[in-house]
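Enquirer: Next come the chains, spelled out residue by residue.
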Amino acid sequence: MIIIFTILYFTPGDPAQVALGQEATPETIAAFHAKHGLDMPFPAQLGRYLYKAVFEGDLGYSYVMKSPVSMELATRVPVTIRLAFWAVVISTLIGIPLGVICAIRQYSLLDSLTTLVTLLGVSMPTFWTGILLIIAFSVHLGWLPSMGFDTVGEMVLPIVTLSGSSVAVIARTTRASMLEVIGSDYIRTARAKGQRESVVILRHALPNAMIPILTIISMQFGMLLGGSIVTEAIFSISGVGRLMLEAINMRDYPIIQGGTLFISVAFCLINLAVDILYAFIDPRIHVK
Amino acid sequence: MPANNSMLKYTLIRLRRNYLAVLGFVVLFVLIGSAIFAERISPFGYADQDYMMIRQPPSAQHLLGTDQFGRDVLSRLIYGSRISLQVGLIAVSISLIVGGAIGAIGGYFGGRTDSVLMRIMDVQLAIPTILLAIVISSALGPGLVNLMVAVGITSIPRFARLMRASVLSIKGMEFIEAARAMGASHMRIILLYILPNCAAPLIVQSTLSVANAILFAATLSFLGLGIQPPFPEWGGMLSDARPYIRDSAYLSIFPGLAIMITIVALNCIGDGLRDALDPKQKR
Chain A
1 MIIIFTILYF TPGDPAQVAL GQEATPETIA AFHAKHGLDM PFPAQLGRYL
51 YKAVFEGDLG YSYVMKSPVS MELATRVPVT IRLAFWAVVI STLIGIPLGV
101 ICAIRQYSLL DSLTTLVTLL GVSMPTFWTG ILLIIAFSVH LGWLPSMGFD
151 TVGEMVLPIV TLSGSSVAVI ARTTRASMLE VIGSDYIRTA RAKGQRESVV
201 ILRHALPNAM IPILTIISMQ FGMLLGGSIV TEAIFSISGV GRLMLEAINM
251 RDYPIIQGGT LFISVAFCLI NLAVDILYAF IDPRIHVK
Chain B
1 MPANNSMLKY TLIRLRRNYL AVLGFVVLFV LIGSAIFAER ISPFGYADQD
51 YMMIRQPPSA QHLLGTDQFG RDVLSRLIYG SRISLQVGLI AVSISLIVGG
101 AIGAIGGYFG GRTDSVLMRI MDVQLAIPTI LLAIVISSAL GPGLVNLMVA
151 VGITSIPRFA RLMRASVLSI KGMEFIEAAR AMGASHMRII LLYILPNCAA
201 PLIVQSTLSV ANAILFAATL SFLGLGIQPP FPEWGGMLSD ARPYIRDSAY
251 LSIFPGLAIM ITIVALNCIG DGLRDALDPK QKR
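Protein chains in written order, with the working numbering: chain A, 1 to 288; chain B, 1 to 283.
What the hints contain is simulated information worked out from the structure, not anything from laboratory work.
Quantities reported herein were computed from a predicted structural model and do not represent experimental measurements.
Take these hints with a grain of salt, some might be off.
[Unchecked claim] Chain B stretches covered by chain A per the calculated footprint, using a threshold of three residues with CB under 8 Å from any CB of chain A:
#: 1; stretch: 25-35
#: 2; stretch: 133-144
#: 3; stretch: 186-198
#: 4; stretch: 205-218
#: 5; stretch: 258-271
[What the hints assert, rightly or not] Some residues of chain A that are not near chain B, with every Cβ distance over 12 Å (derived):
#: 6; residue: Ser67
#: 7; residue: Pro68
#: 8; residue: Leu73
#: 9; residue: Pro78
#: 10; residue: Val79
#: 11; residue: Ile94
#: 12; residue: Ile134
#: 13; residue: Glu154
#: 14; residue: Val199
#: 15; residue: Leu206
#: 16; residue: Asn208
#: 17; residue: Met210
#: 18; residue: Ser238
#: 19; residue: Arg251
#: 20; residue: Asp282
#: 21; residue: Pro283
[What the hints assert, rightly or not] The following label-pair restraints were derived from C-beta to C-beta distances:
#: 22; chain 1: B; residue 1: Pro201; chain 2: A; residue 2: Val274; range: 21 to 27 Å
#: 23; chain 1: B; residue 1: Arg242; chain 2: A; residue 2: Ser198; range: 44 to 50 Å
#: 24; chain 1: B; residue 1: Phe175; chain 2: A; residue 2: Asp185; range: 33 to 39 Å
#: 25; chain 1: B; residue 1: Ala181; chain 2: A; residue 2: Tyr186; range: 24 to 30 Å
Where a beta carbon is used, it is the ideal one built from N, C-alpha and C, also for glycine.
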């Protein structure tokens, strides 16, 4: 938070100039500075911002929209969370089974195919995936709309776009992790005692392979929150990402700070939740 | 040093067996070649406008078509490789040098120095990388150098952690103790004795980071925060092509293809190097 504030403080360009437009006079600029506390020295500004954010839940006023940042965020946050949440769900539901199947049938046709496709998947820029999907499904086939995020039809393309690379990453991690576990002695024991293969894989192998997979999923969540900025820009979705992009263009610092704060806090909470999950999955890890 | 030579030899032998990595190297050399000799091989200049040839689909004269100003797409892609490779290399050099130094100092000296440095890295890791890159580049303003700095800063913690972990594992070894007993300075120990021994993971990480840096740079340019027109940047070209998605889809396809091929090549090289440099690791 302090880092972001400091970066923005030292940013060249005066927000007052942008917010007030061409006809700004030195007097109105000075008034704008006084109103938003921009005439104070840097430590005072930082202190005031932190104090208000922590003790009053007040993230300041948007310079451009003249409304409280917390209110702007409140309308945008649910959209972004919905987008990122579904993307994580979809990529987990596809990625893990795909990885498991590839690990069981190592070197099969499906495995090689998946390896190739996931390699392409991790290498495709999100925005290009989105554009290709729009070209295919909106422009040529006309099946799905290319804008908005309200109806189910509108939600399909953004979610597919956002989850594309995550599916690839999760599938690759699952495959590697499962291969390692399947090669271990206790799996051989489980097989030797005549356990059915499906039980061996699902009950014995998968839970032990989950730790690295979970780590990757939690990291993907952060990536997805960041990636939603791009996805929201392509599909004209009014979430936190687009709010921030507009704010960056308008030098609307309180919005940028608020948006960054939201994404960072969400990211930290997810990491915390995953750390707690570890203890449930692997009892050897104790919550200290 | 004969030992070193044979290690290099074995690495190369193992690398050659990995056909994906070989393919990656071929693609990379083609890209480097096109970046160096852009003036010679590109059929047109990157800013040459021809208003008789606006948004023409691929033809014999313009192999990949022309854009909304009648500029040759192939030529712009070739010049674009120059920018992408520059950004990738320099951004990674920044994060390698700064992150490596932080990691080496933290790991080597330990104690309070280490915990302060690592906490700073943790704070940076709490912000998703792409978001950090966007905020930094919006603060610095558009431009090639600023883009490199913004992308470079974002992967500092990754290098710092990697370096620190390698330094910690090497620090306790006997040859380091021997060097210290001989009176070598801290600087000398770090640079001459520790650094060569953690080169392998750093090389792998650097290769994968170049891929990441190119992707980030393209994303930032796509969002309008990177390189400004008329300079051709692949992400920027995609962004310019967006209004013409309906009539000239090829304008959106080729730059993305260029980005993807570059990243796939670098990822293949990175994976290949990892397997070749570390034979103990299972695939």
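Enquirer: Now tell me if each hint is right for this structure.
Expert: So, going through the hints one by one against the coordinates:
1. A stretch counts as covered by a chain when three or more of its residues have a beta carbon under 8 Å from one of that chain; for the stretch 25-35 of chain B and chain A the count is 0, and the coverage is violated.
2. Evaluation of the coverage hint for the stretch 133-144 of chain B: fulfilled, as 7 residues show C-beta separations to chain A shorter than 8 Å, against a requirement of three.
3. Given as covered by chain A, the stretch 186-198 of chain B fails the check, having 0 residues with a CB less than 8 Å from a CB of that chain where 3 are the minimum.
4. Residue count for the stretch 205-218 of chain B with a Cβ under 8 Å from a Cβ of chain A: 3. That meets the three needed, and the coverage hint holds.
5. Here's how the stretch 258-271 of chain B fares: 6 of its residues keep a CB closer than 8 Å to some CB of chain A, so the rule of at least three is met and the hint holds.
6. The beta carbon of Ser67 (chain A) is kept farther than 12 Å from every beta carbon of chain B, the shortest such distance being approximately 21 Å.
7. The Cβ of Pro68 (chain A) lies farther than 12 Å from every Cβ of chain B, with a closest approach of about 21 Å, so its non-interface assignment holds.
8. Listed as outside the interface, Leu73 (chain A) is consistent with that label: its C-beta sits roughly 15 Å from the nearest C-beta of chain B, beyond the 12 Å cut-off.
9. In this structure Pro78 (chain A) is separated from chain B by more than 12 Å, as the shortest Cβ-Cβ distance comes to about 19 Å.
10. Every CB of chain B is more than 12 Å from the CB of Val79 (chain A) (nearest about 17 Å), matching its label as outside the interface.
11. With a minimum CB-CB distance of about 20 Å to chain B, Ile94 (chain A) clears the 12 Å threshold, and the non-interface call stands.
12. Not every CB of chain B is more than 12 Å from the CB of Ile134 (chain A) (nearest about 6 Å), against its label as outside the interface.
13. With a least CB separation of 17 Å from chain B, Glu154 (chain A) remains clear of the 12 Å interface cut-off, as annotated.
14. Distance check on Val199 (chain A): its Cβ is at least 25 Å (rounded) from any Cβ of chain B, clearing the 12 Å threshold; non-interface status holds.
15. Listed as a non-interface residue, Leu206 (chain A) keeps its Cβ farther than 12 Å from every Cβ of chain B; the least gap is roughly 19 Å.
16. Under the 12 Å C-beta cut-off, the non-interface status given to Asn208 (chain A) relative to chain B holds; the minimum distance is some 16 Å.
17. Remark: the non-interface label on Met210 (chain A) is consistent with the geometry, its nearest Cβ contact in chain B lying 19 Å away (cut-off 12 Å).
18. For Ser238 (chain A), the shortest C-beta to C-beta distance to chain B comes to about 16 Å, beyond the 12 Å cut-off, and the non-interface label holds.
19. For Arg251 (chain A), the shortest C-beta to C-beta distance to chain B comes to about 9 Å, within the 12 Å cut-off, and the non-interface label is violated.
20. Even its closest Cβ contact with chain B, about 21 Å, leaves Asp282 (chain A) beyond 12 Å, as expected for a residue assigned away from the interface.
21. Every Cβ of chain B is farther than 12 Å from the Cβ of Pro283 (chain A); the closest lies at roughly 26 Å, confirming the non-interface assignment.
22. Remark: the range hint 21 to 27 Å for Pro201 (chain B) to Val274 (chain A) is upheld by a beta-carbon distance near 25 Å.
23. With their beta carbons about 48 Å apart, Arg242 (chain B) and Ser198 (chain A) fall inside the hinted range of 44 to 50 Å.
24. Hint check: Phe175 (chain B) to Asp185 (chain A), Cβ distance near 35 Å, so the stated range 33 to 39 Å holds.
25. One distance hint, 24 to 30 Å for the beta-carbon pair Ala181 (chain B) and Tyr186 (chain A), is violated here, with the actual separation near 46 Å.
The structure does not agree with the numbered hints 1, 3, 12, 19, 25 stated previously, though it agrees with the rest.
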